[in-house]
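*Asks:* Knowing the structure of chain X, use the given hints to seat chain V on it.
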Amino acid sequence: MNWFKKSSKKEEHTLPQVLEYLKKSGDFLDFQNPQSPTPYWISYFRSLVDAEIIHRDILPYLNKTTIKKIEELKAALPIENVMVTSDLETIRQMMLSGCVLIRLNEKDQQGVLVKAEMNKVREISIPEEEFSVVGPKESFVESITTNLNLIRKRLPVPELEIREFKLGKLSKTRVAVIYISGIANEENINTALQRVGEIEIHQILDSSYVSQLISDNDNSPFPQLIDTERPDRVAGVLSEGSIVILVDGSPHALIGPTTLVKFFSALEDYFLNWQLASVLRILRLIAVSFSILITPIYVAVLNYHYELIPKDLMATLISSRDFVPLPPFLEALVLELTIELLREAGARLPTKVGQTIGIVGGIVIGTASVEAGLTSNVMLIIVALAALASFTTPVYKMSNAIRLIRFPFLVLAELWGMIGISIAFIFLMGHLLRLTSFGRPYLEPIYPPRLEDLKDAFVRLPFKTQPKRPVQLQSQDTVKFSEKAAKEKKDIDE
Amino acid sequence: MKKFIITILVICIVGYFGRIDKEILDDLDIVTAVGYDYKGKRKIEATVVSPIINPDKSISNKTISSVGKMSKEALYFLNQKSPNPVVNGKIEVALFSEKLAKTRGVQNYIDYVHRDPSIGTRLILAVVDGNVKKMLGESFKDFDSGTYIQKQIDQNTKNGFIPTNNLHLFLSAYYTEGADPILPIIELRGKKINIKGLAFFKGSKMVDSIPYRSMFAFKSIYENIENAGYTLKTKDKGKTEYVSIQGIRTTKVYRVKNEQTTPEITLRLGIKGFLREYTGDKVNQELIDKSEKIMAKKVEKDAEALIRRFQKKGIDPLAWGEQTRSRTRHWDQKKWDQQYKNLKINVEVDVSIFEIGIVDGSPF
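Chains as they are written, first to last, in this note's numbering: chain X, 225 to 718; chain V, 4 to 367.
Bear in mind the hints are in silico, worked out from the structure with no lab data behind them.
Glycine included, every Cβ here is placed at the ideal spot set by N, Cα and C.
Treat each hint with caution, since some may be false.
Said to hold, decoys possible - Cβ pair distances, simulated, as ranges: (1) X/Asp-430 - V/Gly-123: 51 to 59 Å; (2) V/Lys-5 - X/Leu-550: 31 to 39 Å; (3) V/Lys-5 - X/Asn-373: 47 to 55 Å; (4) V/Val-13 - X/Arg-658: 16 to 24 Å; (5) V/Gly-21 - X/Arg-376: 56 to 64 Å; (6) V/Lys-5 - X/Ser-271: 51 to 59 Å; (7) V/Asn-230 - X/Phe-615: 42 to 50 Å; (8) V/Ile-11 - X/Val-558: 22 to 30 Å; (9) X/Pro-534 - V/Val-13: 31 to 39 Å; (10) X/Arg-376 - V/Val-13: 51 to 59 Å; (11) X/Pro-534 - V/Gly-21: 23 to 31 Å; (12) V/Ile-11 - X/Gln-427: 28 to 36 Å; (13) V/Gly-123 - X/Val-695: 43 to 51 Å; (14) X/Val-558 - V/Gly-123: 33 to 41 Å.
To be verified - Covered stretches of chain X, as calculated for chain V (at least 3 residues, CB under 8 Å): (15) 520-528; (16) 534-545; (17) 630-641.
One chain only, chain X, in its complex shape (with noise of 0.2 Å):
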């Protein structure tokens, strides 16, 4: 509230007069019908208040009735968030936030705030960035009361809490913090909760903020929350004995305490058969650590290792190379920008027209660059390759991450080779061992291993194999179902 004191030239002491500063704005609304049978003067910002609730609600109300006194009218009206006061700090903000202000003198200093917020949303969709085939196809809207509703029908237990806070000085958003007590670490809901409480900022956008701002180390290229667009991914998580943070105004949740394993698994893995979710899963690390080694392997073993090189694999690659006049860094280093530069082009685009600057980069660009001798087609393929299997990360953010950390490799594999690979490898390692997510370690299941959560890293097992909360989470409650109940399968005959 500081902000607007200080931008205001006089203080307003009287409700008439506060009414008077907030006319300045054009969609403020103010009128007065004294013939009624109550007299009455209603203000209201138009923009913020739905004008059906007015006419279906109030005043056909105040039309009809004779109303003498103030309270009379808070129990005439049919709404439930009806409330007398006279603070006009309250009536400020409230008005702000999408209520009427009812009086029933003009010179009066008290008056009845009726919630009357207009609740225009985006309709629920199909998830967009975590798009499944099989599951559920509901993702989470912009408005916050919407997206609880979608996890408290997923988890309709009285020991699901929601603690709310109003976060940024001047955008006031609601942020929600989520879990379940009892199962949920106390430790980690206290770190959350202060993190949350803590945050000193003016504006929040969307959740990404929150996630920026509460995270254990702000200057890591990984993501050590989650983010999802799936209230079933949310639901899942809780029941485990994590944290969901939501953000009013964004469709993403943030998860945490999480692990780096964890950025790999889709929602999707737990849909199909473990069989096939285990290799979907190994299939996506193989992908990210191609990802991010074949390139700087590539140039290393061309600048300094071609012993390395299979002597039937030699023909191709040196006839390939043969009219290329740049070294090999080079070369990779522009067809990786290349790449990320059709990315970045295809992203700020309109989908359709996206999707053409995308063949006409892919197919004419890289074909000229090959046919023209500028790069090799081995280099074509293996940078393509490897920005694709980029982009089999299930989370949007991490597979951000992979492709920026891919660049110091490369820079190192040109200095010193595969000894430079090594060096960048080593400082990889280096850095996720130190990171936590609230707190936790990063590297869970691997450093310090934990062989109980390696059955839903890098593999799934099936679900009846794992009857304990991850112990990663430090989950008060670590039992998610009865083993033994769960081995026991009787035919109906039995």
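*Replies:* Just chain V, lined up with the frame of chain X:
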């Protein structure tokens, strides 16, 4: 901030001064074979081959040779003669002319290849009957000559009669007490490489050789054969018929008696194979028994002849010395050398033919 600048500075300094020389693949002359010819008493001629890969992916040869006193010197002159740096990391074959092997020994040249860390110990060595330079300059279709020779020797090791042979095994036999190295002999016949026989070394000098036809017997007592073929001559109703036995696998067991005093070695050789071709009428049990007997006798005779020959020349390519040494507490090489010539070595061969094909009538 200070820390950050120092880090960047250290990385830049180490990065710039800590580099090693770049060897960009397409700017190299990658040597696939190296050969040494005898050129006068104190001179040798070194020849290297590197493939030239044309833009249409066909491969042609590029040979460079130079004359020098030592192998290293000769190779240094090679670098002088080439537009690109000559690198050794992909050498597959090292060839020595027979004359060089006989008069000077191969030790000096082997020393060079095994000290260079970029050359692997799976390098194949061979002795060439004739001019090495000419052989390496020959163009073989689809491959450069180094790769071609390597492929042919490798193929003949896996499916033929050449004993397994590479730099590692050569050096092992060379340095082991009680073993002497062997190398295959190849020659250029027409436009093709021909496996001519085996060369036997005493120390680093070649002292003896056997022709191709004795190589089966040698390989069968030298190591376990995985897959080879053999043709027998038999008599059926007065006519000479031929039996071809394929897919031969051998196993051998050594027995050493009286290690401490006068050792006596027995080698039991088991040969298994299947009959694949017969020029006569019908294959029956009788013929199989007969073939087994003939083959056993023939191999036994050949093997014993070879062993006598080695004993007479005083060379030990079959590592009998090593066999006895590994069974004796205080083995004395001098004593062994004296004993070796009169050592009693028995070879027992057992041949079994266990398959004759599926269409012909079954005698089993």
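*Asks:* All hints are to be evaluated individually against the structure, with a verdict given for each.
*Replies:* Here is what the structure says about each hint:
no., hint, result
1, X/Asp-430 - V/Gly-123: 51 to 59 Å, "holds, 57 Å"
2, V/Lys-5 - X/Leu-550: 31 to 39 Å, "holds, 37 Å"
3, V/Lys-5 - X/Asn-373: 47 to 55 Å, "holds, 53 Å"
4, V/Val-13 - X/Arg-658: 16 to 24 Å, "holds, 20 Å"
5, V/Gly-21 - X/Arg-376: 56 to 64 Å, "holds, 59 Å"
6, V/Lys-5 - X/Ser-271: 51 to 59 Å, "holds, 52 Å"
7, V/Asn-230 - X/Phe-615: 42 to 50 Å, "holds, 47 Å"
8, V/Ile-11 - X/Val-558: 22 to 30 Å, "holds, 25 Å"
9, X/Pro-534 - V/Val-13: 31 to 39 Å, "holds, 37 Å"
10, X/Arg-376 - V/Val-13: 51 to 59 Å, "holds, 55 Å"
11, X/Pro-534 - V/Gly-21: 23 to 31 Å, "holds, 29 Å"
12, V/Ile-11 - X/Gln-427: 28 to 36 Å, "holds, 34 Å"
13, V/Gly-123 - X/Val-695: 43 to 51 Å, "holds, 46 Å"
14, X/Val-558 - V/Gly-123: 33 to 41 Å, "holds, 34 Å"
15, 520-528, "holds (count 4)"
16, 534-545, "holds (count 8)"
17, 630-641, "holds (count 3)"
Comparing the model with each numbered hint stated earlier shows that all of them hold.
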